[in-house]
Amino acid sequence: MAKDLLLEIGLEEVPARFLRAAMNQLREKTEKWLDASRLSYDKVEAYATPRRLAVLARGVAEKQDDVNEEVKGPSRKIAQDANGDWSKAALGFARSQGVEASDFTFKELGGVEYIYATKSLNGQEASALLPEGLKSIISSLTFPKNMRWGTYDFRFIRPIRWMVALFGADIVPFEITDVATNRVSRGHRFLGSETSIAQASDYVEALRGQHVLVDVEEREALILKQIRDLAEQKNWNIAIKEDLLEEVLFLVETPTALFGTFEESFLNIPQEVLITSMREHQRYFPVLDAEGKLLPFFVTVRNGDAKSLDVIAKGNEKVLRARLSDAKFFYEEDQKVAIQDSLAKLENVVFHEDLGSTGDKVRRIRQTADSIATQLKLGSETAQHISRAADICKFDLVTQMVYEFPELQGVMGEDYARKAGEKEEVARAVFEHYQPRFAGESVPASIVGSVVSLADKTDAIVGFFGIGIIPTGSQDPYALRRQAAGIVQILLDHHLELTLEQLFGLSIAVHEQAGHLKRSADEVRKDLHDFFELRVKKLLSDTLRYDIVDAVIAAGFGDIAAVVARGKALMHAVQHEEDFKTTVESFTRTSNLAAKAQEREVKPELFEDEAERELFESWELLHGQRETWAYAEEEGTMTAAAAELTALSGLKQPITTFFDRVMVMAEDEKVRANRLALLAAVDSDLKQFADFGKLVWQ
Amino acid sequence: MNFQSMILTLQQFWAEQGCINAQPYDTEKGAGTMNPMTYLRSLGPEPWKVAYVEPSRRPSDGRYGENPNRLYQHHQFQVIIKPSPDNIQELYLDSLKALGVDPLIHDIRFVEDNWENPTLGCAGLGWEVWLDGMEITQFTYFQQVGGMETNPVAVEITYGMERLASYIQDKENVFDLEYVEGMTYGDVYRQAEYEHSKYTFELSDAQMLFTLFNMYEQEAGRAANENLVFPAYDYVLKCSHTFNLLDARGAISVTERTGYITRVRNLARKVAAAYVEEREKLGFPLIKKEVEA
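Quick mapping for you: the protein sequence lines, in order, are chains L and C. If you count by our numbering, then the first sequence holds residues 21 to 718, one letter each, in order. If you count by our numbering, then the second sequence holds residues -18 to 274, one letter each, in order.
Derived by calculation from the structure, the hints in this document are not laboratory data. Even for Gly, the Cβ is constructed at its ideal location relative to N, Cα and C. Check before you lean on any hint, since a few could be wrong.
Partner residues are not named here, just some residues of chain C that face chain L (Cβ under 8 Å, in silico) [as the list claims (entries may be wrong)]:
id : residue
1  : V82
2  : P84
3  : L85
4  : E93
Restraint ranges, calculated between C-beta atoms of paired labels, are given here [said to hold, decoys possible]:
id : chain 1 : residue 1 : chain 2 : residue 2 : range
5  : C       : E(-3)     : L       : A326      : 28 to 36 Å
6  : C       : Q188      : L       : Q360      : 42 to 50 Å
7  : C       : L209      : L       : K52       : 23 to 31 Å
8  : L       : K397      : C       : T239      : 39 to 47 Å
9  : L       : A541      : C       : E258      : 52 to 60 Å
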């Protein structure tokens, strides 16, 4: 026989951002407990609203399964003597387990035989296990922020005000703080009232009757439908941002979407500002036209029914008007401040106590950006734009608007810079230098923005590494991983002729000059190498097999574009070239023996076999081919990396012949050394492409 | 409902819930939390119930009486109940009804907002209460006061009176609020708003304020060393207000800011610890009273 099990934890309003995770956790912990308690069930459904977390386990067995449990005892050696009689230890074990020694079984474990006692356990009634079980599930829930209330020594996400626990139609009795379980739940705060739940399976409908939609998906679908209906009716394009929808979803028990308006004169403020103010401060959905231009309307979702929506719209309009008036005030005031004056204020903003002020940082960005521009041999006009963009890239941090909305950094800078008469390239770069701001965002489109972005990000990473702040595990307070990924992506997408080592070198020089490095430059380089190796690996792993990634990274990754091209070429060969496996086998055989080489210089006069000469000449020929590979790329027939791999593959035949005909470990010491030197020479070319030994064959 | 009636209504409502109607404290402060009726009384094991209006000065929010929403000095209606009662949210919602706010025709929500006052070493969890999208109340369960864990936990309800009134009276501009019949909020406060803003931003003597800050700080420390809790705390409040004036004047750089906040916090913590010590010496008399009752 099976029954449904309901647990509802009634709470004061739980923060919206924690609710989904809490709901999933409650479901998982309930499933885990049922499994561990050997109570079978069909499935566990979970529900959440601002005022409740609930699970409904369907078809829970009324009794635990009966089971036979095997308990391991001493080894057979200890348990039995030569005659097969039981020792004291064995008899003691039988007593403690409540079985007869004659019922022992034997089993081997790690080469040793042990005795086992088999006990049969009768399943207990679920109703006897549930009170402690449910209580332990609730106590085991963890939240990012806990609190205490009243006089209780109990921590939870918010105060628990009621609990419903039903197994079928019966209350599962237990208490937490002074709250005892019951069958009475509470409905919507204003529209509903208390409601008695006759049996667990009635839960969803009983709460619906009290104006609470407990099912998260149903609520989300209803909100989306209401917003879309409004959009259709008004011919609007309502931008639904995922995280805002998620928050709104967990702020309401009965959703009703409504709209309001604001004065058109506010549309003179940049659209991003208005949208941010509406979203961040008021949790409104902005309304756009078909071209993506903002319209003077907003959509909000009320926690209640459709009564008196005009009153609510009017109230919300009043609040928004005050908010937008503030934004307008900031926007106008900010433009009265000269960029130069804002830059002066950056001297008083601490970037990090060991890395100076933001003013100091800006000067370093400028120096690094200029060095990069020189390295890339950019034209003088572009270089000038870069210098100016680097100088002013952080000025908006001290504007009132960015103080109010930190996420508008760069956005305001671009707008203000343009209005202040800066060159278009410069203004654009002030925004772009923050890109990519999150995973998946594109890199700066312009070269000016890219160079300043590289300088800014490299300055941060090298600076923090220099004072020993290196991300570990989940600790990355300055988002250095994201910035490193950004650097790699920019170098790659813009095909910049700049290696990571060069970039680090430029920034290390600047930090050294500023006296910021607390560790030796070599140590910093080593840590940077390891840190970026992981980032590059991650980038490559998106499209390439892991063993291929390992193989090409082993050949160096400072030139990002090159390592990507090598990876692609290798992937193609592995997947599409029929006898590539034997090619690689010849390479790995070469590498294995090359490791034994002492001599580096190959002496042709010591060759005894034609196969040696053939391999030597093939290898020499390969050296002269680098230009040919580059030419292939220019021709567009294949990438330089693919051409290189094709050339390397050409070594397979002479290598195979060499091994077939030549005995490498010859008696004559000189001949042997010379043969190993030849293999080492070949190997060093192979290793410039990849460590082929890392490839894995199924 | 005019501004004065709102205050009277809330006083009456919370008096009926057993709160003492206390008076505003006579030293400048930025928030009702800084009144010793809250800051000190929420410490230690003794029960406490109080409600009062607190004129709260925020020098940097001064706008010369020209901005419809921002003020040098606004009014908070503050309720503190320790330990927090189980039905505190319902009581609060009833108080809104007493002010004529019908929850069925409005949208009232509890939106997460964790409150912190680093200057006083206070932190709590709770919400801002939204009325049709407008924040009208801060609702907080104190978890830490003066750097000490609270036990039992006090709940603090802070009504923003001007905002609430602008909603109830449907006024766009705070200065147009009806204070009592025939008298606006502007009639009562506008001149002070202008003069305080002008003084704060243009006239205040930073050098003198720095000197005062140091003197107040020293005096607070001296009194605290003698376990004279209340006099010491008065000087802490003066430090805090002086710091706010300097900050509004732009006389404190971002770098120095943290340093000043730390200095005030250290004093506030010292006073908080001394308060609990002194109450303990007295045998926590309010606990006894509760037992007798």
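We went through each hint and held it up to the structure:
1. Residue-level restraint check for V82 (chain C) is violated (minimum Cβ-Cβ distance to chain L is 11 Å; threshold 8 Å).
2. Below 8 Å, beta-carbon pairs count as interface contacts, and P84 (chain C) has one with chain L at about 4 Å; its hint therefore holds.
3. With its C-beta approaching chain L no nearer than about 6 Å, L85 (chain C) sits inside the 8 Å limit, and its interface hint holds.
4. Look at E93 (chain C): its Cβ gets to within about 4 Å of chain L, closer than 8 Å, so that hint holds up.
5. Distance hint check for E(-3) (chain C) and A326 (chain L): the Cβ-Cβ separation is about 35 Å, which falls inside the suggested range of 28 to 36 Å.
6. Taken as a hint, the range 42 to 50 Å is violated for the pair Q188 (chain C) and Q360 (chain L), whose Cβ atoms sit roughly 28 Å apart.
7. At roughly 57 Å, the beta carbons of L209 (chain C) and K52 (chain L) sit outside the given window of 23 to 31 Å.
8. Taking 39 to 47 Å as the suggested C-beta distance range, the pair K397 (chain L) and T239 (chain C) conforms, at roughly 45 Å.
9. With their beta carbons about 54 Å apart, A541 (chain L) and E258 (chain C) fall inside the hinted range of 52 to 60 Å.
Of the numbered hints stated above, those contradicted by the structure are hints 1, 6 and 7, listed in ascending order.
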